[in-house]
Amino acid sequence: MTKSQLIEAVVANGGYPRKAVEVAVNAMFDEMVDAMKRSERIEIRGFGNFTVRPYKAYTGRNPKTGTKVEVDAKLMPRFKVGKDLKERINNG
Amino acid sequence: MTKADLVEAVYHRLDGFSKKESADIVESIFETMKETLSRGDKIKISGFGNFEVKHKNKRPGRNPQTGEQIIITERRVLKFKPSQVLKNALNV
Numbered sequence: 041m042t043k044s045q046l047i048e049a050v051v052a053n054g055g056y057p058r059k060a061v062e063v064a065v066n067a068m069f070d071e072m073v074d075a076m077k078r079s080e081r082i083e084i085r086g087f088g089n090f091t092v093r094p095y096k097a098y099t100g101r102n103p104k105t106g107t108k109v110e111v112d113a114k115l116m117p118r119f120k121v122g123k124d125l126k127e128r129i130n131n132g
Numbered sequence: 039m040t041k042a043d044l045v046e047a048v049y050h051r052l053d054g055f056s057k058k059e060s061a062d063i064v065e066s067i068f069e070t071m072k073e074t075l076s077r078g079d080k081i082k083i084s085g086f087g088n089f090e091v092k093h094k095n096k097r098p099g100r101n102p103q104t105g106e107q108i109i110i111t112e113r114r115v116l117k118f119k120p121s122q123v124l125k126n127a128l129n130v
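Each protein sequence line maps, in turn, to chains A and B. Per the numbering used here, the very first residue in the first sequence carries number 41; after that it's consecutive. Per the numbering used here, the very first residue in the second sequence carries number 39; after that it's consecutive.
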C-alpha cells in the first residue's frame with residue numbers, strides 16, 4: 041500500500057473528503073519527520089514509538105572488494121511496535 | 039511528541055474542520071494502517087519509510103535470566119525501514 045492508497049482507504053473507512061485526508065496524512069508524516077530531526081521521541085499509543093538513536097563511527101568494509109571504508113557517526117530512526125499492534129499482526 | 043501533537047498539526051493545516059474532526063481523521067489514519075498491517079500488507083510512505091510484516095520461523099532460544107532452553111514460536115513481526123530521504127534529513 042502506497043501513501044495514495046492509504047489516503048483512499050482512509051476515505052473509504054471514515055467518510056471524510058479526499059482532499060482533507062490527503063492534507064492530514066501529509067501533515068502527520070511531515071510533523072513526525074520534523075520531530076525526528078529534533079531527535080524527539082514520538083509515542084503513538086497502540087501503534088508504536090519512533091526514536092532517533094546515535095550510532096558511533098566505525099571502519100567497515102566493502103563486501104564486494106574488501107576495501108576498508110570509514111563510516112561516520114550518524115543518527116538513525118528506530119521504530120518499536122506497540123503492544124496492541126504487535127498482537128494484532130501476530131494473530132491476524 | 040504524541041498523537042495530540044499530530045492532531046494539533048493536522049488541525050492547523052486543515053481548513054474548516056474542528057479539533058474533534060481532526061482527531062477523528064488522525065485516529066482513522068492510524069486505524070487504517072493497523073488494519074492494513076494486520077492483514078500482512080506492506081505500507082510504503084515515500085520520504086518516510088516502509089512498514090513490512092515479516093514471517094519468522096520458530097527457533098531455539100534461551101531465557102536470559104535462567105539460561106533455560108526454550109523454543110521461540112513462529113510469529114509475524116513488524117519491521118520499519120526508514121527511507122533514504124529520512125536518514126539523510128537526520129544527518130545534515
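Treat the hints loosely; a few may be bogus.
Distance condition first, Cα-Cα at most 20 Å in a straight line; then the derived PhoX-like pairs of lysine-lysine [said to hold, decoys possible]:
#: 1; chain 1: B; residue 1: Lys82; chain 2: B; residue 2: Lys96
#: 2; chain 1: B; residue 1: Lys119; chain 2: A; residue 2: Lys126
#: 3; chain 1: A; residue 1: Lys43; chain 2: B; residue 2: Lys82
One-sided excerpt, in silico: chain B residues whose CB lies under 8 Å from chain A [what the hints assert, rightly or not]:
#: 4; residue: Arg51
#: 5; residue: Ser66
#: 6; residue: Thr70
#: 7; residue: Leu75
#: 8; residue: Glu90
#: 9; residue: Arg100
#: 10; residue: Pro102
#: 11; residue: Glu106
#: 12; residue: Ile108
#: 13; residue: Ile109
#: 14; residue: Ile110
#: 15; residue: Arg113
#: 16; residue: Leu124
#: 17; residue: Lys125
Chain B stretches covered by chain A per the calculated footprint, using a threshold of three residues with CB under 8 Å from any CB of chain A [as the list claims (entries may be wrong)]:
#: 18; stretch: 41 to 47
#: 19; stretch: 57 to 64
#: 20; stretch: 91 to 99
In short, the hints are calculated from the structure, not lab data. Predicted, not measured: the structure shown is a model, and the values here were computed from it. We put the CB at the ideal spot given by N, CA and C, even for glycine.
We went through each hint and held it up to the structure:
1. Between Lys82/B and Lys96/B, the direct Cα distance comes to roughly 27 Å. Violation of the 20 Å bound is thereby established for this hinted pair.
2. Between Lys119/B and Lys126/A, the direct Cα distance comes to roughly 16 Å. Compliance with the 20 Å bound is thereby established for this hinted pair.
3. A distance of roughly 6 Å separates the Cα atoms of Lys43/A and Lys82/B; the hinted pair therefore holds under the 20 Å criterion.
4. Nearest Cβ of chain A to the Cβ of Arg51/B: about 4 Å, under the 8 Å cut. The hint holds.
5. The beta carbon of Ser66/B comes within 4 Å of a beta carbon in chain A, closer than 8 Å, and the hint placing it at the interface holds.
6. For the restraint placing Thr70/B at the interface with chain A, the shortest Cβ-Cβ distance is roughly 5 Å, inside the 8 Å limit, so the hint holds.
7. Using the Cβ-Cβ criterion of 8 Å, the hint placing Leu75/B at the interface with chain A is satisfied: the shortest such distance is roughly 6 Å.
8. Interface hint status for Glu90/B: violated, as the beta-carbon distance to the closest one in chain A is roughly 11 Å, over 8 Å.
9. Because the beta carbon of Arg100/B sits about 21 Å from the nearest beta carbon in chain A, more than 8 Å, this interface hint is broken.
10. Hint status for Pro102/B: violated, given a least beta-carbon distance of 19 Å to chain A, over 8 Å.
11. Look at Glu106/B: its Cβ only gets to about 23 Å from chain A, farther than 8 Å, so that hint breaks.
12. Taking 8 Å as the C-beta cut-off, the interface hint given for Ile108/B is violated, the closest approach to chain A being about 17 Å.
13. For the restraint placing Ile109/B at the interface with chain A, the shortest Cβ-Cβ distance is roughly 16 Å, beyond the 8 Å limit, so the hint is violated.
14. This hint is violated: Ile110/B has a C-beta 12 Å from the nearest C-beta of chain A, more than the 8 Å allowed.
15. For Arg113/B, the suggested interface contact is upheld, since its CB lies about 5 Å from the closest CB of chain A, less than 8 Å.
16. For Leu124/B, the shortest C-beta to C-beta distance to chain A is roughly 6 Å, which falls under 8 Å, so the interface hint holds.
17. For Lys125/B, the suggested interface contact is upheld, since its CB lies about 7 Å from the closest CB of chain A, less than 8 Å.
18. With 4 residues carrying a beta carbon less than 8 Å from a beta carbon of chain A, the stretch 41 to 47 of chain B meets the three-residue requirement, and the given coverage holds.
19. Given as covered by chain A, the stretch 57 to 64 of chain B passes the check, having 5 residues with a CB less than 8 Å from a CB of that chain where 3 are the minimum.
20. For the stretch 91 to 99 of chain B, the stated coverage by chain A is not satisfied: 1 residues place a CB nearer than 8 Å to a CB of that chain, which falls below the threshold of 3.
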